[in-house]
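The task is simple: from the sequences and hints, build the whole structure.
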Amino acid sequence: MTVRIQEADFDLSQEIANLRQARPQIGAIAAFIGLVRDVNAGEAVSELTLEHYPAMTQKALEAIVAEVKQRWQLDDALVIHRIGRLLPTDQIVLVAVASSHRGAAFQACEFIMDFLKTQAPFWKKEQTPAGAHWVEARDSDALSAARWSDKK
Amino acid sequence: MTVRIQEADFDLSQEIANLRQARPQIGAIAAFIGLVRDVNAGEAVSELTLEHYPAMTQKALEAIVAEVKQRWQLDDALVIHRIGRLLPTDQIVLVAVASSHRGAAFQACEFIMDFLKTQAPFWKKEQTPAGAHWVEARDSDALSAARWSDKK
Amino acid sequence: MALSVLYFARLREALGMAQEDIALNPKLATVAELLEYLRGRGGPWQETLASARLFRVAVNQEMADPATPLKDGDEVALFPPVTGG
Amino acid sequence: MALSVLYFARLREALGMAQEDIALNPKLATVAELLEYLRGRGGPWQETLASARLFRVAVNQEMADPATPLKDGDEVALFPPVTGG
Numbered sequence: 001m002t003v004r005i006q007e008a009d010f011d012l013s014q015e016i017a018n019l020r021q022a023r024p025q026i027g028a029i030a031a032f033i034g035l036v037r038d039v040n041a042g043e044a045v046s047e048l049t050l051e052h053y054p055a056m057t058q059k060a061l062e063a064i065v066a067e068v069k070q071r072w073q074l075d076d077a078l079v080i081h082r083i084g085r086l087l088p089t090d091q092i093v094l095v096a097v098a099s100s101h102r103g104a105a106f107q108a109c110e111f112i113m114d115f116l117k118t119q120a121p122f123w124k125k126e127q128t129p130a131g132a133h134w135v136e137a138r139d140s141d142a143l144s145a146a147r148w149s150d151k152k
Numbered sequence: 001m002t003v004r005i006q007e008a009d010f011d012l013s014q015e016i017a018n019l020r021q022a023r024p025q026i027g028a029i030a031a032f033i034g035l036v037r038d039v040n041a042g043e044a045v046s047e048l049t050l051e052h053y054p055a056m057t058q059k060a061l062e063a064i065v066a067e068v069k070q071r072w073q074l075d076d077a078l079v080i081h082r083i084g085r086l087l088p089t090d091q092i093v094l095v096a097v098a099s100s101h102r103g104a105a106f107q108a109c110e111f112i113m114d115f116l117k118t119q120a121p122f123w124k125k126e127q128t129p130a131g132a133h134w135v136e137a138r139d140s141d142a143l144s145a146a147r148w149s150d151k152k
Numbered sequence: 001m002a003l004s005v006l007y008f009a010r011l012r013e014a015l016g017m018a019q020e021d022i023a024l025n026p027k028l029a030t031v032a033e034l035l036e037y038l039r040g041r042g043g044p045w046q047e048t049l050a051s052a053r054l055f056r057v058a059v060n061q062e063m064a065d066p067a068t069p070l071k072d073g074d075e076v077a078l079f080p081p082v083t084g085g
Numbered sequence: 001m002a003l004s005v006l007y008f009a010r011l012r013e014a015l016g017m018a019q020e021d022i023a024l025n026p027k028l029a030t031v032a033e034l035l036e037y038l039r040g041r042g043g044p045w046q047e048t049l050a051s052a053r054l055f056r057v058a059v060n061q062e063m064a065d066p067a068t069p070l071k072d073g074d075e076v077a078l079f080p081p082v083t084g085g
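Protein chains in written order, with this note's numbering: chain A, 1 to 152; chain B, 1 to 152; chain C, 1 to 85; chain D, 1 to 85.
Quick caveat, the hints were computed from the structure, so don't treat them as lab data.
Please note that the accuracy of each hint is not assured.
Claimed, not checked - Listed next, the stretches of chain B that the computed footprint assigns to chain A, with coverage defined by at least 3 CB atoms under 8 angstroms from CB atoms of chain A:
#, region
1, 17-26
2, 69-83
To be verified - As a list, the in silico BS3-like pairs of lysine-lysine whose alpha-carbon atoms are at most 25 angstroms apart:
#, chain 1, residue 1, chain 2, residue 2
3, B, K59, C, K71
4, B, K69, B, K59
5, A, K59, D, K71
Computed from a predicted model, the values in this text were never measured in an experiment.
All residues carry an ideal CB built from backbone N, CA and C; glycine is no exception.
Have a look at this one:
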């Protein structure tokens with residue numbers, strides 16, 4: 001189980017290859033890639049800055065990964081989240097989950113994203129023609145995370 | 001929307017880059033990669049051969065992709081399925097869905113896999129120490145596909 | 001007035017045949033009637049097509065069911081439940 | 001006997017401060033009491049911490065709630081609802 005916070009970009013093929021390495025029993029990988037959009041809430045975005053709470057971020061993400069390991073039978077899971085200054089079309093986050101079963105891989109991947117979006121201390125600041133502003137948290141993210149308390 | 005049936009391997013980073021090309025509004029990509037396992041139903045697998053029904057395969061996959069386009073708001077979707085002789089750890093299938101919203105991307109990606117597993121005319125033959133045999137379809141795949149008739 | 005009938009994977013091997021043309025007649029108007037005719041050949045035909053759980057039918061590259069009508073020039077495919085992905 | 005209090009993102013900017021040490025006393029035994037003390041500073045403090053919808057609290061890098069107890073050496077962080085991913 002790997003959690004990495006970094007300024008540098010990542011290569012998808014390389015990261016998935018590392019995740020699979022020496023594990024020929026893996027049959028299914030579900031992955032999510034989050035990207036900087038050039039528009040958000042109707043406004044043009046020219047730049048994004050990702051701030052985080054270094055002492056807590058790694059800990060929070062590791063707790064989420066520990067939770068999915070307990071809920072589903074997984075071979076491995078990977079979370080990479082970038083920080084610092086990013087531009088539209090840049091990669092922000094990669095979550096990848098490897099399992100023998102695709103259902104477990106899909107669910108664990110979506111679970112990690114739902115809790116990353118509500119529990120991991122990252123904050124986005126957008127640069128727009130009207131100036132810089134902090135991105136507002138969305139109620140839909142809280143609702144997505146709340147779904148998991150009803151079902152396994 | 002792209003559907004490709006091919007013998008050749010594919011590069012994940014390259015395929016996702018193609019999917020995203022010239023679409024800076026994409027915020028979320030959900031992807032699934034299916035791999036040849038070195039063991040299946042307790043038996044060692046040394047080789048896998050994927051047969052298909054050429055006239056129908058493309059048509060069946062395009063119908064599935066058309067269905068997800070109608071159900072969810074997506075920027076694009078990609079399905080690559082390999083045929084012919086494959087070895088353990090080889091990539092078999094890639095499904096990737098791009099959207100502004102991660103919920104739509106995850107659901108559409110899982111929907112495509114569920115219906116690919118039950119509607120697209122591919123058949124796997126495994127080489128094991130006990131000889132070659134055709135892989136049995138699993139009831140769990142039919143159940144996964146049936147879930148989608150209850151909900152949007 | 002004929003159907004082109006294709007067999008794939010386990011069915012192709014069990015029946016020893018990948019393709020055949022079957023002349024249409026008024027008793028071969030639906031998928032159910034074609035299956036009845038094929039089972040009538042006995043041996044592996046009867047065995048392989050005994051249970052609907054064992055195979056699927058497509059007509060003109062679309063999934064079909066017993067009631068699907070057949071007409072001249074149709075491509076009918078018989079194959080096991082699919083196992084790709 | 002002190003807490004280290006950290007402010008992030010919108011809160012750091014609104015409060016004009018990234019970190020401060022606050023001496024502990026018997027009236028600062030929980031997160032709720034610390035928030036009450038900070039709001040008592042008025043101005044941006046009162047405004048920024050007015051509604052629980054506007055911020056989150058972590059104690060020693062774990063999400064906390066108003067009832068979470070505080071003790072000497074704790075690291076308390078106040079920040080807006082998170083927006084990563």
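Status of each hint after checking the structure:
no., hint, verdict
1, 17-26, "holds (count 4)"
2, 69-83, "violated (count 0)"
3, B:K59 <-> C:K71, "holds (21 angstroms)"
4, B:K69 <-> B:K59, "holds (15 angstroms)"
5, A:K59 <-> D:K71, "holds (21 angstroms)"
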